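Enquirer: These protein sequence lines map, in sequence, to chains A and B.
Going by UniProt numbering, the first sequence opens with residue 1, and the numbers climb by one from there.
Going by UniProt numbering, the second sequence opens with residue 1, and the numbers climb by one from there.
Worth flagging that the hints you see were computed from the coordinates, not collected in a lab.
All of these numbers come straight from a predicted model, not from anything done at the bench.
Ideal Cβ placement from N, Cα and C applies to all residues, glycine included.
One or more of the hints may lead you astray.
[Said to hold, decoys possible] A few chain B residues that face chain A, going by a derived Cβ cut-off under 7 Å, partial list only:
#, residue
1, Arg162
2, Ile182
3, Gly185
4, Leu187
5, Leu188
6, Leu238
7, Met240
8, Leu243
9, Ala245
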Amino acid sequence: MVAAIPPVSAGLLLDLVDSVRRVPTGRSVSIDFGTCDRDAALELISAWCLSSGNEIVKTEGSAVTVLHGRSPDPLAGLDPDQLPGSRVWVYTNFDCNLACDYCCVRSSPKAERRAIGADRLRQIATEAAAAEVTELILTGGEPFLLNDLDELVKTCTDKLPTTLLTNGMLFRGSRLERLRRMDRSRLTLQISLDSATPDIHDSHRGAGSWVKAVAGIRTAHDEGFRVKVAATLPADQMHELEPFHGFLDTLGIVRHDQVIRALAHRGVAETGIELTVDSLIPEVTITADGVYWHPVAADHDDQFVTRDIFPLADAIAEITRQFMEHRRSANAIAEWFPCA
Amino acid sequence: MNAPLTIGSVAYSPNVVPIWEGMRDYFAETSTPIDFLLFSNYASLVDALIAGTVDLAWNTNLAWVRTVAQTDGACRALASRDTDLVFQTVFVARTGSGFTGLASLRGRRLVLGSRDSAQAAILPLHFLREAGLNETDVALTRINSDVGKHGDTGRSELDALRAVLDDRADAAAIGINTWQAIGRGELLPGAFESFWASPEYSHCTFTAMPALSIDRSDEWTANLLAMDWENPQHRPILEMEGLRAWVPPKLDGYAGLVEAVREQKIPDRW
Ligand code: SF4
Chain A
1 MVAAIPPVSA
11 GLLLDLVDSV
21 RRVPTGRSVS
31 IDFGTCDRDA
41 ALELISAWCL
51 SSGNEIVKTE
61 GSAVTVLHGR
71 SPDPLAGLDP
81 DQLPGSRVWV
91 YTNFDCNLAC
101 DYCCVRSSPK
111 AERRAIGADR
121 LRQIATEAAA
131 AEVTELILTG
141 GEPFLLNDLD
151 ELVKTCTDKL
161 PTTLLTNGML
171 FRGSRLERLR
181 RMDRSRLTLQ
191 ISLDSATPDI
201 HDSHRGAGSW
211 VKAVAGIRTA
221 HDEGFRVKVA
231 ATLPADQMHE
241 LEPFHGFLDT
251 LGIVRHDQVI
261 RALAHRGVAE
271 TGIELTVDSL
281 IPEVTITADG
291 VYWHPVAADH
301 DDQFVTRDIF
311 PLADAIAEIT
321 RQFMEHRRSA
331 NAIAEWFPCA
Chain B
1 MNAPLTIGSV
11 AYSPNVVPIW
21 EGMRDYFAET
31 STPIDFLLFS
41 NYASLVDALI
51 AGTVDLAWNT
61 NLAWVRTVAQ
71 TDGACRALAS
81 RDTDLVFQTV
91 FVARTGSGFT
101 GLASLRGRRL
111 VLGSRDSAQA
121 AILPLHFLRE
131 AGLNETDVAL
141 TRINSDVGKH
151 GDTGRSELDA
161 LRAVLDDRAD
171 AAAIGINTWQ
181 AIGRGELLPG
191 AFESFWASPE
201 YSHCTFTAMP
211 ALSIDRSDEW
221 TANLLAMDWE
231 NPQHRPILEM
241 EGLRAWVPPK
251 LDGYAGLVEA
261 VREQKIPDRW
């Protein structure tokens with residue numbers, strides 16, 4: 001009787017066992033299956049990894065990188081609210097009454113609106129709630145430029161707790177009426193203010209903007225909303241925060257609602273910290289153009305993830321997949337340069 | 001606090017350092033802290049145990065049998081892995097080779113692993129003898145690729161399987177752990193099949209000399225046996241060392257090897 005010819009050399013299996021045994025758990029080895037049938041070789045290596053508790057980390061040509069043991073959960077160690085999809089950001093629009101010199105999405109009165117629109121926002125809110133998202137965050141541009149903002153916000157607060165980012169300068173007339181119609185029990189307002197005195201704030205955001213923003217904070221607070229205040233500061237000003245916190249205390253903003261963010265080198269900002277996909281924990285971000293990695297880069301192609309907003313769960317899964325891949329390869333790089 | 005017990009182990013795998021550092025961390029939280037010393041071969045480890053350089057040795061079955069012989073039975077086995085009590089030797093050939101049992105090896109080519117490997121050399125010859133075959137009835141090839149480590153690296157067994165694939169031998173004798181590592185013939189059904197598996201026997205065991213008091217070794221053993229697979233701190237160590245639970249040793253599982261060592265006149269210091 002003639003022995004059946006295996007579709008892939010059994011020597012590959014022996015090489016695999018031998019090579020993986022020679023490295024400690026947590027390290028990886030590269031196996032070349034040479035001219036073996038590719039599908040059969042990959043099938044064999046996958047089946048072996050599955051049965052032996054090892055893991056394929058990369059396949060490139062005929063080389064397969066196998067990790068001895070299982071990689072740690074790349075998402076372990078993250079706070080639950082850092083997991084992709086725990087919150088979803090939505091850009092309601094991109095136009096703005098201001099034209100700040102550090103705006104990460106290049107908003108201004110001249111910027112195209114690119115509104116998300118009521119229908120899409122309703123579907124986002126519905127699908128987000130189903131996908132176990134815990135919070136929606138609406139931002140722009142300046143959302144209060146939208147005439148239907150109260151309805152947009154309602155479609156969100158009806159489904160999930162929501163935070164609305166604004167420069168706080170437009171709470172007058174019909175816009176104030178719209179604010180008043182929003183659900184105080186489900187909505188937090190986050191208003192931008194960069195300093196305890198007008199100088200720094202106005203130097204970036206325009207003359208007179210500080211006074212109006214502070215008035216907006218007071219109005220929102222008096223209307224019974226929870227108000228967070230967010231400052232965007234260059235790194236060199238991060239050490240002088242106490243006077244600013246003291247000022248916000250006088251406005252009645254509790255300390256954990258006083259948010260300080262580092263200036264990002266994005267949009268029209270000429271300086272700031274560099275934020276790249278592989279260095280940035282994602283925050284699922286939706287604009288009229290599609291899904292982005294992070295709100296700070298919602299106008300930048302390098303952080304564009306997919307044009308398909310729906311199903312939202314798929315978009316979240318895709319960002320999670322990419323994030324896990326980045327974290328794995330970051331671990332692998334650390335492993336390749338153990339002395340560095 | 002007690003001075004740490006020194007455990008000797010052979011560096012049989014690149015995982016030995018993380019395993020023993022993990023063990024040291026575990027025992028640091030117990031009443032019997034440990035430190036460890038690594039050796040390149042079992043002869044030196046057994047020498048160090050007998051000389052009192054180490055308090056305990058993590059011995060293979062052959063190292064245990066040799067320690068018993070060199071101490072006239074004064075040494076004690078303290079604990080083994082659950083997997084050590086059910087070790088087996090498996091005879092393997094190319095699928096469809098037509099072997100039906102050990103007797104059908106008569107006149108055929110058998111490849112063995114390292115000469116100091118109980119599972120892949122010493123016991124296979126003993127099993128052949130029990131089946132009525134002596135060394136001249138079978139054409140033997142030996143692959144001594146990891147001598148000194150008692151076959152622990154598994155490398156000689158993989159080389160033996162390569163010899164079968166390359167038609168340098170008709171069958172190979174390997175340990176059940178290597179057979180499991182290549183998927184028991186199920187991953188590539190057309191490549192290998194096993195045609196005989198031995199009765200279960202005992203493999204590694206922690207060995208102590210009388211210089212270590214029974215009270216102290218009992219306390220240490222109780223701490224060892226308390227390692228828990230369900231404990232996320234313990235599990236990675238247990239996984240790397242290839243067990244789910246530490247268990248008391250099974251001494252009658254060494255009887256076949258004692259006999260094989262006598263039959264084959266294996267020297268004391270292997
Ligand atoms: S930073 Fe905010 S307020 Fe300033 S231009 Fe951009 S969107 Fe408008």
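Enquirer: Look at each hint and say if it fits the structure.
Expert: Hints versus structure:
1. At about 6 Å, the closest approach between the beta carbon of Arg162 of chain B and any beta carbon in chain A falls short of 7 Å, and the interface hint on this residue holds.
2. For Ile182 of chain B, the shortest C-beta to C-beta distance to chain A is roughly 6 Å, which falls under 7 Å, so the interface hint holds.
3. Checking Gly185 of chain B against chain A by beta carbon gives a least distance of about 10 Å; that is not within 7 Å, so the hint is violated.
4. Against a cut-off of 7 Å between C-beta atoms, the interface hint on Leu187 of chain B holds, since the closest Cβ of chain A lies about 5 Å away.
5. For Leu188 of chain B, the interface hint holds, the least distance from its beta-carbon to any beta-carbon of chain A being 5 Å, beneath 7 Å.
6. A cut of 7 Å between beta carbons decides the hint on Leu238 of chain B: the least distance to chain A is about 12 Å, and the hint is violated.
7. A cut of 7 Å between beta carbons decides the hint on Met240 of chain B: the least distance to chain A is about 5 Å, and the hint holds.
8. Of the supplied interface hints, the one on Leu243 of chain B is violated, with its beta-carbon coming no nearer than about 14 Å to a beta-carbon of chain A, more than 7 Å.
9. This hint is violated: Ala245 of chain B has a C-beta 18 Å from the nearest C-beta of chain A, more than the 7 Å allowed.
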